[in-house]
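Chemist: Listed here are the chains, written in short residue letters.
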Amino acid sequence: MKLLPKKWKITYSLMIGMIIGLAAYNFLASNAISYLSDSPKTCINCHVMNSYYSSWAHSSHSRFTNCNDCHVPQDNFLKKYLFKAQDGLYHASIFTLRKEPQVIHIKEAGKKAVESNCIRCHEKQIDETSLMTHYNPKYSDFEERYCWNCHREHPHKRVNSLSSSPESIQTK
Amino acid sequence: MKKNLLYVIIAIAMAAVIFGLGILASSITERKAEKEFTYKPVVKIGENEPRNDVWGENFRREYETYLLTEDTTFRTKFNGNAMRDALEEDPRMVVLWAGYAFSKDYNQPRGHRHAVTDIRNTLRTGGPLTPDEGPMPATCWTCKSPDVPRMMEEKGITEFYIGKWAGKGQEIVNPIGCLDCHDPSTMNLRISRPALIEAFERQGKDITKSTLQDMRSLVCAQCHVEYYFDKTKVENAQYLTFPWDKGSTVEDMEKYYDEIEFSDWTHSLSRTPMLKAQHPDYEVHKLGIHGQRNVACADCHMPYISEGGQKYSSHHLVSPLKYIDKTCMVCHRESEETLRNNVYEHQEKILENKILLEDVLVRLHLEAKKAWDLGATETEMKDILSGIRRTQWRWDFSVASHGAAFHAPIEILRIMGNAINIGSETRVKLARILAKYGFNQELSYPDISTKAKAQKLIGLDMEKLNAEKQEFLKTIVPKWLVEAKERESKWKIIRY
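Protein chains in written order, with the working numbering: chain Z, 1 to 172; chain B, 1 to 496.
Derived from the structure by calculation, the hints contain no laboratory data.
Quick reminder that beta carbons are idealized off the backbone N, C-alpha and C, glycines included.
It is possible that some hints are incorrect.
Simulated restraints, written as ranges between beta carbons of each label pair [said to hold, decoys possible]:
#, chain 1, residue 1, chain 2, residue 2, range
1, B, Gln-213, Z, Ile-94, 32 to 40 Å
2, B, Gly-22, Z, Ile-94, 15 to 23 Å
3, Z, Tyr-35, B, Ala-11, 26 to 34 Å
4, B, Arg-333, Z, Ser-62, 29 to 37 Å
5, B, Glu-348, Z, Met-132, 42 to 50 Å
6, Z, His-134, B, Asn-421, 51 to 59 Å
7, B, Glu-70, Z, Ala-24, 52 to 60 Å
8, Z, Leu-36, B, Ile-9, 31 to 39 Å
9, B, Asp-53, Z, Val-103, 31 to 39 Å
10, Z, Ile-94, B, Glu-57, 27 to 35 Å
11, Z, Val-159, B, Asp-447, 53 to 61 Å
12, Z, Leu-36, B, Glu-486, 53 to 61 Å
13, B, Glu-352, Z, Tyr-139, 50 to 58 Å
With the Cβ distance kept under 8 Å, some of the chain B side facing chain Z (calculated, not the full set) [claimed, not checked]:
#, residue
14, Ile-18
15, Gly-22
16, Lys-464
Start from the sequences and build out the full structure, keeping to the hints where you can.
Modeler: Given below as structure tokens:
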């Protein structure tokens with residue numbers, strides 16, 4: 001440090017100050033702390049999630065589950081937060097770049113997480129007989145069958161995209 | 001010098017980070033601001049906003065379908081939404097309601113948008129020229145308008161039930177609409193009328209615990225039910241009450257009324273203390289197969305509509321026969337024609353019994369009058385009057401809710417069967433009394449082929465009633481409207 005000439009010292013201090021200041025502003029403005037929680041309200045920090053939030057809120061699932069209960073792996077603490085961090089960063093980047101689509105489709109990793117969470121709670125409803133309608137090798141696509149291929153209304157109903165539900169306005 | 005270059009590079013790198021953070025900050029701020037404008041309603045709907053068009057600015061689709069309740073062109077075989085004179089179509093009812101306002105004027109119901117106009121126009125509400133005149137109490141407004149929950153909030157529930165109908169005409173101008181069934185802040189269904197909440201409480205039930213599916217019927221059950229005005233609860237008030245404490249079948253409610261010795265009016269021919277069934281649509285629906293399967297009113301009367309990928313419930317409340325493809329056919333895989341004919345078949349067959357029953361009732365009233373004229377005593381007539389009361393209560397319960405023949409055909413046929421039996425047995429007893437007083441022949445059936453003839457028979461001065469009504473519509477109603485307009489012009493509409 002001693003070697004640093006005085007004029008650079010001042011310049012650097014100012015710049016580091018700006019970085020800390022801006023970072024703090026971004027941290028607060030983006031409500032960053034809330035992302036550590038399980039509250040569904042966190043998901044509507046981004047308004048593109050409004051229609052999914054309200055379709056969930058009006059469903060029977062809203063009485064017992066929050067978003068993370070289904071959309072984030074729940075089998076292990078580390079996995080959960082790793083998944084949240086990955087997903088969160090991805091969502092935040094897409095949203096910042098304004099690349100969010102009008103109709104949001106779940107990705108591969110998300111599907112797996114949701115499927116395992118369906119099973120986690122509804123374990124008792126799943127037995128060999130009922131599974132035959134689902135994971136039956138006689139269907140060519142049996143490995144890609146998910147609960148919601150049939151249970152399509154749960155819990156977001158079938159009309160839930162941004163453009164088809166412009167009136168999900170009471171979510172705040 | 002090399003060192004200096006390094007310092008410059010570090011500075012540039014830091015500047016790049018600052019630049020990036022700055023862009024991120026602006027993006028976050030921008031998108032947060034966007035949130036304030038995206039998916040925001042157009043107007044702020046006030047806590048007691050009775051004006052349906054204000055709600056309509058936020059909920060265009062629902063509002064536009066709601067406006068269709070103004071339509072009066074749809075006709076089914078027996079009903080529909082057209083203005084039809086029910087007394088002209090079936091003048092027997094004039095005799096059945098002799099001495100009661102329904103014999104003056106009774107029309108087939110039209111859509112909700114006509115509620116306020118129709119109650120002003122009907123002869124039943126008379127031609128009151130001052131706020132304290134007229135045949136009807138203020139309670140009659142209860143089911144007509146979203147101005148009612150507003151007034152109950154402002155003035156109090158009991159206060160609303162005090163006074164004459166004409167005393168509140170200037171306050172109640174918006175026809176049945178949004179505030180009647182929706183909570184203005186969340187749009188959730190809510191019960192705005194205390195009578196239903198109180199009826200649940202007396203049965204030890206909490207209406208706020210109802211499921212969404214139940215609410216989709218209960219909002220209708222605020223009005224489409226059997227009710228009476230309790231004059232004993234609070235002095236001077238006619239307190240709207242549902243007679244459900246013992247249950248809501250025709251017998252349960254009769255027991256309730258008998259126990260409190262209630263009668264709506266005394267029949268002017270037979271001198272019977274009568275009961276008038278109002279429109280027990282909800283109670284009857286619950287007894288039918290759709291009700292038993294927990295199909296809600298809204299399932300058939302407010303079907304879902306898909307429009308350009310958007311789904312919403314139609315607010316055009318009307319006979320489900322108007323939209324068979326969206327109502328019946330959601331569950332039943334038959335053709336529209338088959339389904340329509342299924343409904344008509346029920347209605348035709350029940351109509352047969354209805355006419356039989358009405359003929360029995362017309363004869364009962366006239367023969368009872370004859371017995372009184374010949375000098376029959378009250379002790380002799382006691383049984384007879386009880387029979388007439390029971391018969392007509394069952395008849396009215398079956399027909400007053402216009403959809404009963406569809407809602408619960410088996411229950412309605414059971415009630416009508418019982419009524420024809422009670423009525424016929426009463427006529428046998430009545431024949432004995434008539435014979436005792438020397439009249440041992442058939443009393444000829446009067447000529448009541450038209451409404452006018454029937455009204456003449458029961459001694460109504462229709463010319464006077466019509467003149468009074470015209471005077472009222474010309475002088476009083478315009479004043480009400482001016483006053484209402486002035487009041488509403490003071491309510492600011494907050495736009496986002």
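Chemist: Determine whether the Cβ-Cβ distance between Glu-352/B and Tyr-139/Z falls within the hinted range of 50 to 58 Å.
Modeler: Check passed, 55 Å falls within 50 to 58 Å.
Chemist: Holds or violated: the 26 to 34 Å window for the beta-carbon distance between Tyr-35/Z and Ala-11/B?
Modeler: Between Tyr-35/Z and Ala-11/B, where Cβ atoms are some 33 Å apart, the hint holds.
Chemist: Holds or violated: 53 to 61 Å for the Cβ distance of Leu-36/Z and Glu-486/B?
Modeler: Since Leu-36/Z and Glu-486/B have Cβ atoms about 56 Å apart, the given range 53 to 61 Å holds.
Chemist: CB of Gly-22/B to CB of Ile-94/Z, is that within 15 to 23 Å?
Modeler: Distance hint for Gly-22/B, Ile-94/Z holds at roughly 20 Å.
Chemist: Starting from the range 32 to 40 Å, see whether the pair Gln-213/B and Ile-94/Z falls in it by beta-carbon distance.
Modeler: holds, 38 Å
Chemist: Taking 42 to 50 Å as the hint, is the beta-carbon distance of Glu-348/B and Met-132/Z inside that range?
Modeler: Distance hint for Glu-348/B, Met-132/Z holds at roughly 49 Å.
Chemist: CB of Val-159/Z to CB of Asp-447/B, is that within 53 to 61 Å?
Modeler: holds, 60 Å
Chemist: Could you see if the CB distance from Ile-94/Z to Glu-57/B stays within 27 to 35 Å?
Modeler: holds, 33 Å
Chemist: Quick check on Ile-18/B please, does its C-beta sit within 8 Å of some C-beta on chain Z?
Modeler: At about 5 Å, which falls below the 8 Å cut-off, the nearest Cβ of chain Z leaves the hint on Ile-18/B intact, so it holds.
Chemist: Taking the CB of Leu-36/Z and the CB of Ile-9/B, does the distance hold inside 31 to 39 Å?
Modeler: Check passed, 36 Å falls within 31 to 39 Å.
Chemist: Can you tell me whether the CB distance of Arg-333/B to Ser-62/Z sits inside 29 to 37 Å?
Modeler: 33 Å Cβ-Cβ, so the 29 to 37 Å window holds.
Chemist: At the C-beta level, are Glu-70/B and Ala-24/Z separated by a distance inside 52 to 60 Å?
Modeler: holds, 58 Å
Hint 16 alone, counting from the list given before, is not met by this structure.
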